Each structure stands twice: as C-alpha cells, then as structure tokens.
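Given the coordinates of chain A, work out where chains B and C should sit on it, guided by the hints.
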Amino acid sequence: MIEFDQVTMRFGDLTVLDRISLAMPERRIAVVGSNGSGKSTFARLLNGLISPTEGAVRIDGLDTAKDARAIRRKVGFVFQNPDNQIVYPLVEEDIAFGLKNLKLPKAEIAARVDAVLARYGMEALRQRPAHLLSGGQKQMLALSSVLVMEPDYVVFDEPTTLLDLRNKRRVARAIAELPQTAIVVSHDLDLLDDFERVLVFDGGKVVCDDVPRVALRFYREMMAPDV
Amino acid sequence: MTVKDMVYAALFAALTAALGLLPMVAVPGLPVPIHAQSLGVMLAGGVLGAKRGGLAMLVFMALVAAGLPLLSGGRGGIGIFLGPTGGFALGYIPGAFIAGWFIERFWSRLNFVTAFIACAIGGIGVVYLLGIPWLGAVAKIGLVKAATGSMAFIPGDLIKAALGAIVAVSMKKSYPMIGK
Amino acid sequence: MFEISLARITWLHRVPAGVKLLVLAVAGAAVFLVDDQRALAGFVGFAVLMPLSAWLPLKAVLKQIFPAAILIAALAAFHVVMGEPETAIAVSARLATVILLAVTLTFTTRVSAMVDAIEVAARPLKVFGIDPAKVGLTLSLAIRFIPVLFALVGEIREAQKARGLEGNVIAVVMPLLVRTLKMADDLADAIAARGYDAE
Chain A
1 MIEFDQVTMR
11 FGDLTVLDRI
21 SLAMPERRIA
31 VVGSNGSGKS
41 TFARLLNGLI
51 SPTEGAVRID
61 GLDTAKDARA
71 IRRKVGFVFQ
81 NPDNQIVYPL
91 VEEDIAFGLK
101 NLKLPKAEIA
111 ARVDAVLARY
121 GMEALRQRPA
131 HLLSGGQKQM
141 LALSSVLVME
151 PDYVVFDEPT
161 TLLDLRNKRR
171 VARAIAELPQ
181 TAIVVSHDLD
191 LLDDFERVLV
201 FDGGKVVCDD
211 VPRVALRFYR
221 EMMAPDV
Chain B
1001 MTVKDMVYAA
1011 LFAALTAALG
1021 LLPMVAVPGL
1031 PVPIHAQSLG
1041 VMLAGGVLGA
1051 KRGGLAMLVF
1061 MALVAAGLPL
1071 LSGGRGGIGI
1081 FLGPTGGFAL
1091 GYIPGAFIAG
1101 WFIERFWSRL
1111 NFVTAFIACA
1121 IGGIGVVYLL
1131 GIPWLGAVAK
1141 IGLVKAATGS
1151 MAFIPGDLIK
1161 AALGAIVAVS
1171 MKKSYPMIGK
Chain C
2001 MFEISLARIT
2011 WLHRVPAGVK
2021 LLVLAVAGAA
2031 VFLVDDQRAL
2041 AGFVGFAVLM
2051 PLSAWLPLKA
2061 VLKQIFPAAI
2071 LIAALAAFHV
2081 VMGEPETAIA
2091 VSARLATVIL
2101 LAVTLTFTTR
2111 VSAMVDAIEV
2121 AARPLKVFGI
2131 DPAKVGLTLS
2141 LAIRFIPVLF
2151 ALVGEIREAQ
2161 KARGLEGNVI
2171 AVVMPLLVRT
2181 LKMADDLADA
2191 IAARGYDAE
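Residue numbers (the numbering used here), protein chains in the order written: chain A, 1 to 227; chain B, 1001 to 1180; chain C, 2001 to 2199.
Bound conformation, chain A alone (with noise of 0.2 Å):
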C-alpha cells in the first residue's frame, strides 16, 4: 500500500505538492493533471527519486526518504522518454544493468534476462544496439529492463506520451497485464478507463480523487479552453 502523509514539496520558494494525504491499496492508479501541477513530482517520490520537504511517503510502511535502497527494490520506474533511461549499448546488457545492481548471481541474471526477453518477444533483439529500435521497441525495452528488477510497485512517467497510436497501445497493454501494482501518470486519457483509481492533480493539490468515469469527466471539464 501506498500512503502520503502531510507531504510538501518545495524548490526553493515554488510549493508544488501542498499538504497531499492519501491512501492507496488499489492496483491500479491513474495520475492526470496539467503541465506543472505536481504530478511528476508525485511520481518521483514514490521511488525516492526525490524526498518530501515535509512530511513522509511510505511504500508497505518503508519511507522512501530512509530506507532509499529497499525502496529501489520494491518500486520500478519508467520514464518518459526512453532515450534517456537506457543505459547500455546492447539491449542485453541493459537489461541486466539492474540485475548487476541487485548483485544477483551471473546465472539468476541469465535466466531472467532470458526470461522478460521471451515474455515480451524480442528475443531476436537481444545483441541489438538499442539505438538502432524503433520509438515503441526502446520504450519496450525500458519497461523489460524495469519489470526484470521484479518490483512489487512500477511508476511510469508518461509512458505512451512520445509514442504512435499502435505503440501506445502495446505499452497500455503490457502495463494492463502487469501482476504489479502500477501507477500511472499520463496524458493519453484512453488509456486510464479500467484504472481502479485516478487522482487529479491542479496547483499542487489533489481536485478530484475517484474512478476513472468521475474523475476523467470532471478533467476533462476542467481543462475545457475559455469561451
């Protein structure tokens, strides 16, 4: 379970979070809000990314500020743009960058690279240098080299948003069968109808907080341009 409590956050004199407390048991979380609003920033506390300037976020009861390396473990994080979260030249060895990280045996490593490679059919791209995939191929490959850390909880940064239509359905879907529970912050509205739960984010603050046919209305309402 995921759980706010009283958490602040402020760059210097620019408060983005404001007091946010929450309590989310679901497995399925949705995070809409405008540019700014602070939803970004509630992603990256989640994995410790970044610490409350007040309050705490804890993830099963471990807080994030004090217990960074459980928490890295526990919570995968996709970002936004795949580019900048691949790590290796070779798909492979990307991969495994987490696996080392978790200092696992060279054959565990093996099995399990060999294992998420096999689950989302690339394992003809195994030597491939990542720069030469495709835009969904890369993004496939950040959320393989995530989901191979086998976390309990996976946070994605707008995952679909630099993505074409038939990309963005096939990260939706492999978000959709994920065991884990995942939070998702994302422009692409389509995609958050069977979320459980959606948060709207507006000036730091949580507007709405409810299932998606509520809360995706009462956003879309919301940001509806002047007449």
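Quick caveat, the hints were computed from the structure, so don't treat them as lab data.
Please read these numbers as outputs of a predicted model, since none were measured by experiment.
Take these hints with a grain of salt, some might be off.
In silico DMTMM-like links for lysine to aspartate or glutamate, alpha-carbon gap of 20 Å or less [as the list claims (entries may be wrong)]: (1) A:100 / C:2119; (2) A:103 / C:2197; (3) C:2134 / B:1005; (4) B:1140 / C:2084; (5) B:1172 / B:1005; (6) A:106 / C:2185; (7) B:1140 / C:2086; (8) B:1051 / C:2131; (9) B:1004 / C:2197; (10) B:1004 / C:2131; (11) B:1145 / C:2086; (12) B:1172 / C:2116; (13) A:106 / C:2119; (14) C:2126 / B:1104; (15) B:1004 / C:2185.
Coverage of chain A stretches by chain C, computed from C-beta distances (three or more under 8 Å per stretch; other residues unrestricted) [said to hold, decoys possible]: (16) 72-85; (17) 96-104; (18) 144-156.
The beta carbon of each residue, even a glycine, is placed where N, CA and C say it ideally should be.
Just chains B and C now, kept in the frame of chain A:
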C-alpha cells in the same frame, strides 16, 4: 565519482564526438579551417567546470584510443596518441580541466573577457604546452621548429576560445552548472 | 555500429586485447630506443607484416593512416633538407612502426574488448579511490549516447536551417548543450531508479 559526475562526463564525451559532425568553418584569412570538435575542450571545461570537464575529455580520448572513429574525418584508434601530434590530443584532458578551473575561479564575475582567458589558457595554452614538446621530441625537429609550425593554428584556436567564452557566459545565465 | 571495421576474423582478431596492447606498448617504446638502421628496418618489417597477416582492408587502413602519413612525409623531407637523412629515416621508421601497429590493433579488436581492457588496466587506480567498475560504466554510457547525440545534432541543425541559422555554430551549440544537460538529469535519475549505488 558520483553518478552525476559519470553521467556528465559520458554525455559531454558523446557531445564532443557529435561536434565532429558539424562542417568545418573556413575563416577568411586563416590558413587552416576550424573544426567545431576542438571546441569540445572549452565547452566541457567552460560549462561543467574542472573535474567533470577534465573527466569528459578523458572519456572522449579513452574511446578514441579504444578504436571508435570519433575524431573529425572518422579517425580513431590508439595510433592517434602515438604519432607526432599525440601530445595535442592528450593535452585536451588537462586543457579542459584547467579551463574549467579558471571558469570556477572567475564564476562570480564571469564575463566574456574572463571566460575568454579561461578558455584560452586551458584550451590553447595547456594543449600547446603538451603538444609542442611532444611534436619536437617525436619528430626530432626541436622545440623552436615545433612551436613555429604550430603557430598556423593559433588564430583559429583564438576564434574557438572566443566562441567558447560566449557559450560559457550564456550557459551561466540559462543553465548554470558550477556548484551544482 | 561505429567500430572501425572488422572485415574478417583472423588469428590476430583472436589474440586478447590486453596482449595486443602490451605488444604495442613494448614495441612502441623499444623502437624509440634503438638507432641501428637494421634494427629499425626489422621493426618496420614487423609492423608491415602484422596488418598484412590480418588481411586488413587496404582502403580503410589508408583512410586511417593518411593524415599521419602526410605528416611523416613532411617531417622526413624537413630532415633531408636540413642535411640529416639518417634522422629522416629514423623518425619515419619509428612513427611508421607505431602507427601501423596501432592501426592493426584497432582493426582487429572490438571496442567492447578494448573497454574491458581499459577497465582491467584501471584496476591499480583503486588505490587512488577510482573504482574500475565506474570507469567501465562511464565508458559504456558514452558509447550508448554517441548515436543519441549524433541524432540530436542532426535534429538541431534541421531546425536551425529552417530558421536560416545553419552556418551559425552558436545557434547549434547552445540548444545542443541545454538538451544534453537536461538529458543528463534524466539519465542520472534513471540510473538511480534502477538501484545503482555509487558508494
């Protein structure tokens, strides 16, 4: 070395390689055209500072030595460092460090003039300080001849130092990296 | 990808990178210590034989050694004009030896093998607090991002061309730097998020 040190060094090494794609600029009155790539020394030092700038050039040169054809014209390999001009290539590493060191010293009053001095000392002075004796010794032509022969490149390098200074000053305003 | 071609696999390709580096270092140092012309001829012979025995593609080799060859010729001519033909022979023999051997090493060794060799060579640096694994990761990151930066330069040049700024170095370099620094922030986050611990 922090993750940030590693990332900045790696990306500026890659950036220096990418500068090799820019066409050479022929400047009227100069005997040799200007390669944008050697701007990399001044950009690395001028934007990242001493430690990260020096590391970036070290990474770039290590990749060249490892055999990536990253130098303008698609050249690479360890032979670059063993030939008569190897000292200039090696000089890029302390050159970026020293340029960055001066940029850090001048940081609070960084303007075109101080940035130009930093780029010129690091990107020209230090590079030639290694390159000229190396050329003289390896080619057996002696210091004086090596120095005179290298003078043809000074005007182009001064223009590069000026470009490096302009960039360092505007980057300080838009994306300051020193002390970050 | 960007490797200086490995046209076909020969016995030299199979020699470990570390051994080839060692031979280059020893031969490179030795050739500068001998003055005897017969010994120098022996070194040059050895250096010519190596690329031939590895069946290196002649055209690609010439492209790599061309600038050095011009410089060596100029230096030799200079020494001849100064009335020192022996120096001309010694200087060009030494430089030719070193450059031919180095080019052979480059053409017969994968970049990944060289990076591994650098990582091994960096092991003694541990006493200065330099972690060889970090050296390897940094080099891999740079190799990974070279094509990304190449694409970025192309993209920015297109954009500036549309605005009539294609010849302006600063108009290309400034956005290139800003986007690279932004990319660096994302990448550092991505590395941390995948559990990399710099300690």
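**List of violated hint numbers, smallest to largest** = 6, 12, 14
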